[in-house]
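As you go down the protein sequences, you meet chains A and B in turn.
So for the first sequence, this note's numbering puts the first residue at 1; every next one is plus one.
So for the second sequence, this note's numbering puts the first residue at 193; every next one is plus one.
Be aware that one or more of the hints could be misleading.
What the hints assert, rightly or not - Derived CB-CB ranges, DEER-like:
#	chain 1	residue 1	chain 2	residue 2	range
1	A	A32	B	W537	22 to 32 Å
2	B	I628	A	S55	40 to 50 Å
3	A	G14	B	P612	19 to 29 Å
4	A	P183	B	D914	47 to 57 Å
5	A	S55	B	A970	49 to 59 Å
6	A	P48	B	F719	51 to 61 Å
7	A	S55	B	K890	30 to 40 Å
8	B	N538	A	G14	42 to 52 Å
In short, the hints are calculated from the structure, not lab data.
Glycine included, each C-beta is placed from N, C-alpha and C at the ideal position.
What follows is the residue order along each chain.
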Amino acid sequence: MAVKDFLSDHEYDGIREYDNPTPGWWHAIFIATIAFSFFYFVYWEMNPRASTPQSRWAAAQTAEYKRIFSSVGDLQNDEATILKMMGNEQMLNVAQGFYQSTCIQCHGKDGGGINGVNLTDDNYKNVKKLDDIFNVITNGANAGVMPSWKNQFNQNERVILAAYVASLRGTKPAAPKAPEGDPIPPWPAPMK
Amino acid sequence: MATDGSAASLSPHQETGPIERFVYDDAVVRKFLFASIVFGVVAFLVGVIAAIQLALPPALNWEIGGVKPLAWLEFLTTTSFLNFGRIRPLHTNAAIFAFAGNALFAAIYYSTQRLCKARMWSDKLSNLHFWGWQLIVVCAAVSLPLGLTQGKEYAELEWPVDLMIAVVWVAFFGVNFFMTLAKRRERHMYVALWFYIATIVTVAMLHVFNNLSLPLALVQMFKTGQTPAAADWLKSWSVYSGVQDAFMQWWYGHNAVAFFLTTPFLGLMYYFLPKAAEKPVYSYRLSIIHFWSLVFIYIWAGPHHLHYTALPQWASTLGMLFSVMLWMPSWGGMINGLLTLRGAWNKVAADPILKFYVVGITFYGMSTFEGPMLSVKSVNSLSHYTDWTIAHVHAGALGWNGLLTFGMAYWLAPRLFQAPIWSKKLVAAHFWLATIGIALYILGIYTGGITQGLMWRAFDETGRLQYPDFVETVMTLMPFYWIRVIGGTLFLVGGILCLLNLVMTWAARPAKYEETVHEAPALGPVFIDPPPQPTEITASTEWAKDVDQKYIKGWFHRVWERKPAKFTIWVLIAIFSASLFEIVPTFLIKSNVPTIASVQPYTPLELAGRDIYISEGCYNCHSQMIRPIWAETRRYGEYSKPGEFVYDHPFQWGSRRIGPDLAREGGRQSHDWQMRHLENPRQLIPDSIMPAYPHLLKDALNFESIQGRVDAMAMLGVPYGDLVQKGKAIEAAKAQAKELADTLVTQQGYADMGDKKAIALLAYLQRLGTDISKPPPAEPAKPATASAGGLK
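Use the sequences and the hints to build the structure in full.
Rendered as structure tokens:
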């Protein structure tokens, strides 16, 4: 083995240098990282069967839709379906997630309304019956004050979101906005 | 323990040139050192202000006995030139270019003269370098708060300042340094000089290629036929767009860390550490192998800033792998630093200067392990866009650059000012303040960053996001943000103590500095190579012996060390070849960026709004890049595609989500909501920490400059069709502004917004990410029209 602490004849402004061998573990890890990199690159970049972030995302999407909606199947926007969803705790919970990520900026966390309408009172501007809520979510309303969400949420998601919004009616928000629009008859009873 | 080479073995070769007498220029070192510490204090102060700004909005309403003790600070969230988006670039630029920059210049000017046994080649260039650099710093300090920015992180400074940087760096600093090498009286170049060479040539290359941009004023004069307004002289756009711009930016950004904050500081360490410890450097061989592997491998690592983005995957993979391979080359520097202190630990215990070095080098080791770890894609998918990255860079900047600079400052002060250090107690106090400050800072933000990253991706058992409300995840950070404020303040106080100590030491200087005259022979024309060291390989062939003697023992390198030109060319080959391996395919492979027919250029008004977005520094808090990760698309919408950014000069993907991603912001909110939110976000989102922008609703939009903006984009290849005809773009912008302002009124929003800056920003925000869901245009390359964006 090489001599330990061999002091070379180098000298710069009083600084001298040993010529110690580089530590063995240093070489070992360096070579290991190079070897790892070689195999990693070959596997992930030169192997047509390797997954990609996009393919893994698509698989996750399929799995997640299945997890959420497999118990209810494809949903239609009709009164019966919405009433059924209003009685489905799991669907309401999922829809609340959508509501909180997209709707609370205007309608408030508890639906009391900020610059969007109060969703908890009995007055509605663009809704006459239960299945109108879905249409407002889908197409927007009031010259774009309420945006359209059809690009962000698929049909099933909009149906359960409509059910969640309908379920806010009659709750007691902390700071309710004054009613807008006309009073409409109460919803039929939710189906369990 | 050691087979000590005896003193007799030193300098077997005697130079034959005539004996020359010379004096070192320490005046310029004194100036750089003071500039570094003064600007350091400024950078830390601005950092503390930025840290407070992020924690402040909810704290404005804190009440103690009926009074709101922090309410008076509200101006920090409402004043245009003090907003976080402007202050954060000021902080980063001051820390990197003013504090660390001046520190590395002080180190290079002090050590190069001594390692070369030569005064700097030209005092005039030394002074031009010093004053030129300070002028650049002042320009940055004025222009960044005014919102004059290229919108690329750490490359914010506008083109006139960029030109100044190029001249000062290459013509003043570079020429002076290399001429000093040429005139040296020491035959071989010490390892510190290798690192300085790599620094100078690589930073020049990075700076020039990342900052290639097209200035608005030149377009107006030569194409639009318009006299540029004063503000238009300081506006330009990156010649690259979208994916390519992102690649170039992080090739630059990561290598700014490598060649501005790492290599010169390794050089600094190699000079000042053995000096302060009075011990030989641990291993010459290790310095060779870690120098070359560092220089070659570092260049590739940039794309690890863009994992899971629209950057092609092969580039991202290379970025990750070269970062992993970089671990040991980086640690080579740490090993050589720490093992140099073998047998000197009793000195470390007694000497606060060595303490600064030991802790600084330890932070270097931590950051250069953490860097490769964060580059691993699966780790990065959690850490990216969170404060984890911020903690990482502060471990490096405060721990490595900061502590090494302070250690150097305290070692230099008595030598430069020729008076004992004013207070050794304050040096020790500074060490503890700085170390505890960094620890609080990074531990707080590590915790906050990882917590927020986990909250963003958490799903409950029904398959919904557990924390769908973004602001909720921000509120979780508040305690950690206050811990950061405390840690940063401790570090700032330490910096002030350092400045005080330097000033008081300087005040005790002699009436006239004593200038030692040194003596050394000039290099003779002939150098006879000493024979290679004897090999220990006995039982093998001549060939193996030869390899061992010439290569393994570093004899070949000894030859390079006395040929600066050859050495520099090898460095250039290393950095250019490594760069080209990534750059050429990024620009040439068409399939990297599949085009999307429905993606059209921004309308003239949206373009003007985009420049406001850049100028306000929105990219400092908002990303525009949704990664193909389920939790992310659930929160923000469809993931971003490479083809969506082809008209983005510069790209605005961002690197940190202090606020939510905006890649699909278009159409998510009403015009009215956006305007109220800009005026004061807390009208709509009580817990928001975003600054308020009331001035955007008052300041007039300069429609006249829009034609030049469109012309510039057209010159960069954006298909604007007949909108480049004189006045057409302005007409289109006015028409769209009127349409938006009218819609705003029907939404019962603000009136008379049609000529305000906010209307342009609104147009841009409402366009973001919407093209992908539109039908492709009937005829190809249809020019953008005034009604293309926004809500119908």
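Hints, verified against the model:
1. Taking 22 to 32 Å as the suggested C-beta distance range, the pair A/A32 and B/W537 conforms, at roughly 30 Å.
2. The hinted window of 40 to 50 Å between B/I628 and A/S55 holds, with their beta carbons roughly 48 Å apart.
3. Distance hint for A/G14 and B/P612: a CB-CB separation of about 21 Å, consistent with the stated range 19 to 29 Å.
4. A beta carbon spacing of about 54 Å between A/P183 and B/D914 agrees with the range 47 to 57 Å that was offered as a hint.
5. At about 33 Å, the beta-carbon gap between A/S55 and B/A970 misses the expected band of 49 to 59 Å.
6. Range check, A/P48 to B/F719: Cβ separation about 57 Å, and the 51 to 61 Å hint holds.
7. A hinted range of 30 to 40 Å is violated for the C-beta pair A/S55 and B/K890, which are about 50 Å apart.
8. Between B/N538 and A/G14 the CB atoms are about 21 Å apart, so this pair departs from the stated range of 42 to 52 Å.
Violated hints, in rising order: 5, 7, 8; the structure is consistent with all others.
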